[in-house]
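Chain by chain, the residues:
There are 2 protein chains.
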Amino acid sequence: MRILILGGDGYLGWPTAMRFSSRGHDVHVVDNYLRRRAHEEAGTDSLTPIAEDLGARVRAWREVTGREIGVTEGDLTDWEVVRGVFASFRPEAIVHYGEMPSAPYSMRDRDHAVFTQTNNVVGTLNVLWAMRDLAPDAHLVKLGTMGEYGTPNIDIEEGYLEIHHNGRTDVLPFPKVPGSMYHLSKVHDSHNIHFACRVWGLRATDLNQGVVYGIHTDETQLDERLLTRFDYDDVFGTALNRFCLQAVIGHPLTVYGKGGQTRGYLNIVDTLQCVELAVNHPAEPGEFRVFNQFTEQFSVLELAELVQKAGAQVGLEVEVRSVENPRVELEEHYYNARHTKLLDLGLRPHLLSETLIGSMFETIERYRDRVDVAHILPRDRWRPPDR
Amino acid sequence: MRILILGGDGYLGWPTAMRFSSRGHDVHVVDNYLRRRAHEEAGTDSLTPIAEDLGARVRAWREVTGREIGVTEGDLTDWEVVRGVFASFRPEAIVHYGEMPSAPYSMRDRDHAVFTQTNNVVGTLNVLWAMRDLAPDAHLVKLGTMGEYGTPNIDIEEGYLEIHHNGRTDVLPFPKVPGSMYHLSKVHDSHNIHFACRVWGLRATDLNQGVVYGIHTDETQLDERLLTRFDYDDVFGTALNRFCLQAVIGHPLTVYGKGGQTRGYLNIVDTLQCVELAVNHPAEPGEFRVFNQFTEQFSVLELAELVQKAGAQVGLEVEVRSVENPRVELEEHYYNARHTKLLDLGLRPHLLSETLIGSMFETIERYRDRVDVAHILPRDRWRPPDR
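If you read the sequences in order, they're chains A and B.
The first sequence begins at 1 in this note's numbering and counts up one residue at a time.
The second sequence begins at 1 in this note's numbering and counts up one residue at a time.
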């Protein structure tokens, strides 16, 4: 199958590209190095030393496996780039990770908020119009986020909700109450993609993903030049990955506020499994299918305590410390999100265990001299300074 | 009160500015003449001859009433324009009509879709950031649209829905299934504004307006130089206004498809009443309040038949003709939308009557030599040509 990976230089995009290539698919990646540039501007970097660009990555992949991956260095908000890739590659499936993915980044100031929403919404609109005009039978597998739902006081369903109201019934999109300018951009995308399916008959699967943790997949372990990035900084790092790094370097685990914030989590190897399942079982023409993509729910405090316990096993003394929450969010709330559709398709979850955390410790230990402690505490605040 | 009117050169914006000015408020209008430019490009124009720019409009207003209205000619997507207006005028209320309002325009092609969403979303984000930093106590009165809801098979509530699910309950945003790239942009706005209220404590009222009809308000009738625009073309014209014009010039009333499309409608004088009620009864800090702003529901066919009947009263022979529907929408559907909150605040509706239609006929007759028949039939289609 011809599979286009948008955002193919990222934490998940690059491992996904290698996975589909290793399965024998014809893979083409697009990336504009937005994440790399944001790190350069901020003076931060991936913990893992990644190859210098996509050219170096696909050369290493060829040397290690004999397989080819095509590359376009370009911006999805540039219509000529998107049109050109669709016209020449003629994708049958599009895996779309190509967005600005950080909530703190999007909340920094007006410029970053407007950039985030414009970048994500326009990039995705371009993909939809390219599908409409150049690849109407292709299947879009779009990475959404569980954060689109927020933390409602009812069970979260997968994309839609059957609503009974005044004696009548309809199945409608699950209401969204997202928590940042970034999460809002994903909600906007969801509405736009739903429309393109309804009105143009496109087929799409929205993967509302939880928080991903882990460093390695089968392919990243083949050669150090094939490593994927691992962000631990305040802008691009995510809860469990950051806690593991903090444990290794002897920094207190920074829990925001009370730590009762509960979210869905999954291992990076399960992200690849889910994306493969979605690609191999496409949506029907006109269908906008939504899967909640995570395997377990944890509160932030539970995660911190798991890391503390795993640390004790290997002789690390780990402190858990509450810091002022930079976000505006409920710190104690009901949370129960359904996630059965990917299991029904065959997902076999790799659940979080002390063993996995221990192996993350080992990899982090190997690169600990690359850690910059100055970029661990949160700086971007959801509220204006005076309120 | 200092009231800022965004989109103050438009069909509703200009009459709203005059209304608040006539009440003794300090009014400032902002507009970038987007609508005038779109008409120039398309070779179309308002039926009514409007003053050449905002400068001419406010001069005429001053001559007729002795009152001043401030003007900024500028684009809301330009942060320096928005920042400058907020810093100097320090609004206490902001009435926001300043968006690209046409569904057919937004569906023309990729460029128009991307422009519509970028223009509307970025303009509104700029307003929200300006409020956050420069006018945190001001009240935003934002014009939304009933089209955000689509045509669900359940009763439409005003913005929120109490949902009972698996034994638990929450009040959540009413699910949205909008029908064009334009309507989607309004849904995006709604989510962004809701967020700004929740997280920054801003106060906002979203007026989900139905289709507006009518030509005159108390103020537009004072002097011909104070007329507001009246669009009848395929891009900016709306159902009832266009039907009245078609009746006068002897063109068949163009009903799209079966004509069972049911929507909420209101008279332009009730738009002004509703906006005044919202401004005079502001939302609480942190509150995102949603009102459904219309007074009556009609199907397109019912409207056409009303116009036909009113035409017969004054000797016009009016033909109703079904044309191929350029849109993708249900032509027969359940529709029942609540609209009690503005009535509770004191709205006294001016319902549609043959008398009102008759008086619209008279005004249209006065300007019938300005009509260009070439721009009445729909050209923008929701589906690609080959499907």
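Wrong hints could be hidden among the right ones.
Since the list gives no way to pick out one identical chain from another, each pair is judged satisfied if it fits inside one copy or across any two copies.
Only pairs whose alpha carbons sit at most 25 Å apart, straight line, appear in this in silico SDA-like list of lysine to any residue [unchecked claim]:
| no. | residue 1 | residue 2 |
| --- | --- | --- |
| 1 | LYS309 | SER88 |
| 2 | LYS258 | GLU354 |
| 3 | LYS341 | LEU172 |
| 4 | LYS341 | VAL177 |
| 5 | LYS341 | ALA42 |
| 6 | LYS309 | VAL269 |
| 7 | LYS341 | THR48 |
| 8 | LYS258 | GLY201 |
| 9 | LYS341 | PHE115 |
| 10 | LYS341 | HIS164 |
| 11 | LYS341 | ASN166 |
| 12 | LYS258 | MET1 |
| 13 | LYS258 | HIS39 |
| 14 | LYS341 | VAL114 |
Simulated from the structure, these hints should not be mistaken for laboratory data.
For this session: Output the numbers, in ascending order, of every earlier hint that fails for this structure.
Result: 1, 5, 7, 9, 12, 13 and 14
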